[in-house]
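Colleague: Starting from the known structure of chain A, arrange chains B and C on it as the hints suggest.
One line per chain: the protein sequences are A, B and C, in this order. No gaps in the numbering here: position 77 of the first sequence is 77 in the numbering used here, and each next residue is one more. No gaps in the numbering here: position 201 of the second sequence is 201 in the numbering used here, and each next residue is one more. No gaps in the numbering here: position 144 of the third sequence is 144 in the numbering used here, and each next residue is one more.
Calculated from the structure, these hints are not laboratory results. Every residue gets a Cβ at the ideal spot worked out from N, C-alpha and C, and that includes glycine. Don't take each hint at face value.
Claimed, not checked - Residues from chain A that face chain B, not an exhaustive set, calculated with beta carbons under 10 Å:
(1) R6
(2) I7
(3) P12
(4) S27
(5) P28
(6) P66
(7) L98
(8) E109
(9) S125
(10) R163
(11) S166
What the hints assert, rightly or not - Using 25 Å as the maximum straight-line C-alpha spacing, the simulated SDA-like pairs for lysine to any residue come out as follows:
(12) A/K107 <-> B/D184
(13) C/K15 <-> A/R104
(14) B/K368 <-> B/D184
(15) A/K144 <-> B/S202
(16) C/K34 <-> C/K70
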Amino acid sequence: MGLSIRIRGGTPLRDEEFREIIKEIDSPRARYNMAAGEAYSRFFESLRRGEILGTYCPGCGLVHIPPKIYCPYCFRYLTKWVRASDEGRVVTAVVSYLSATLERLEKPEIIGIIRLDVPGYRFTSYRFPGILHRICGASEDDVKSQRIFDARVKARWAPEDRRIGSINDIECFEVMWR
Amino acid sequence: MKTNIYVKSRVAIVGAGMTLFRRRMLETPQELAWIAARRALDQAGLELRDIDCVVSGSAPDAFDGVHLKGEYYSEGAGAIRKPHVRVFVGGGTGVFVPIAAWWHVASGLCRRVLVVAEEKMSSAADPHPQAVFRHIWDPFTEKPLNPNLIWIFALEMHRYMHKCSVSKEDIALVAVKNKRNALDNPYAQAAANITVEDVLKSELLVYPVNRLDISPVSDGAAALVMVSEEWARRLTDTPVWVDGIGYTLDTSYWTNRELSFPVYLKNASEMAYRMAGIDRPAKEIDVAEPYDPFDYKELHHLEGLGLVPRCKAAEMTREGVTQRDGDLPICPSGGLLGVGNPIAAAGLMKVAEIFWQLRGEAGRRQVKKSVTTGLAQAWGDLMQVGTVVILRR
Amino acid sequence: MSWKPVVREIEMEIKAYHYTPGPLGLRWLEALKKGLIMAASCDRCGYVFIPPKIYCPRCFSEVTQLVEIKEKPHLASYTVIYKDFEGRELEKPIVLGLIRFRGVAGGLIHYIEAPIDRITIGAELEPVFRRDRRGSITDIEFFRISGARSPND
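Chain A extracted, bound-state conformation (with noise of 0.2 Å):
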């Protein structure tokens, strides 16, 4: 038969023969419906009013954006809200050429991530309210040099009419180029 299988450490298929090659094929069926839970229900029904909430934690000082009611670190209750700003710096950013299904985008897509600024609240370099968003009014050179990194962003809402409650409310978040 050849040498045994386990000596010869399995059998890789090419592409072609896994194409063609005697196999089952199904599709999974599972459909979720996903509960927003309390904190990120309010949040984002304040989006949706066109404001940032998040809740803040009395043992390490942070803000958490998006809320939640428990701190992870501190495992404590979280009872106060606060109302963040819409304006913050960018932590970093990259340029994405391929969409989420892996196909190349007609026009590269820059993601990030924002360190929002809460009025009356300061954070370390460590630990600080940060969001993943698309960032605007950037070029792809702009982070290929990283002269984006630490750049003030502030957010470009949807319409009011447009907003339902979802983190897309915010359309993207708009470098502010002194």
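Modeller: Okay, now just chains B and C, sitting in the frame of chain A:
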């Protein structure tokens, strides 16, 4: 050798085995697990009936496409009418499996444990195994942005480059080194002789990540046999002792922390160093296999492990220190970049490599210097888990 | 509560899974396509079993042989299904059987075509193959009761 923890029995590895790592394998998940398990048993000189417990690990069921896949492949992993547990911490699983097996032996509960990690990513064929990662995002704050998995790594990589003033060229040196190391690894999927320029010219996916910065999708399995001290001395003259284990999990809220340094890994490695009685890791670790799914992660993890001062890993790589003939050989196996990335099996492959290196059995991959203490590390989830084992001869 | 709970619907990420049968499974399905039900046979310990795989579940050695099953299949157990996946009443109830072969470890699950009141555990069966086969367990359309009751019941 001092160990700073009370144990009923010291724990040793006496055998290791793995399958080929390839993009698509014909074998079923059970059969992949069996090939690796059988080879580990063969090297240990044991039969399945000699094993009293089985610990296995595999990443999401969504890859192999069978729910409760731990139970599904368990027969191939030898868990037939034996105590069995499956562990899972994302990419960290491969090094977590021997950690969980360590608990079994150190406590005295089991004496001869079969340790298996398996992954068959090719089953998730339509559209592509990477699509499974679409489900790791927060459904409310991240998924609606239509994210692509590579975003996270690109964001972390770019932050690291910015904070530590590291260029893409520096980072590409890791891909070049590991893929070249893999040329000597008979199991390797992606071994190649490439240059830094090849990496920079490869398809730009999400700046700063190019295609050759990433490890491939793979099918594969790896296995170890871990035994008590009494059995180690009976079975072999060269047991490899598992003297330190460490594991730490951070939150999944990866956007609210400084990404240029993996704090969770610092905690995990300190836990392992403390247990193994290591005060100066940079001096006392002879060879290491940190987790390298992306080339920049090798640098990132070397710093998190304390093997090199913060932001200095690139310099160390440029100077050739991490080559197989260097002072601190890193990823002599070829790493994930060169050998392949069947998620859970990849981490266990690294542990197997250190095991073989410490016994002088790594063939052409054997590092130049004499080695007695080695480290293997894996990482997983959303910038979350660090798992570390320290092995000694 | 001054806020409304938010719920989002999410779909599974993988559209379809492609499952390969393994080296021995491949040969088994090819035999099935030819109308033959075979079993795996371990050279080392003599264990004969279905479904086949490249390792022996009894002695953990490598298995490379398939053998033809000489015995006729019999019904080891069965269940009657009245509703479909979504809970709707089926027009005609479906009978699912656990089919075993004497001298072979393991068994198959498949449909049993017979009037429900004639189905008894231990009944001898025969497979009815489809005309168009592709190398799948569904190349057998169903098992039918062959009339004779097996002697050992």
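Colleague: Which hints from the list above does the structure break, by number from lowest to highest?
Modeller: The structure breaks hints 10, 12; every other hint is satisfied.
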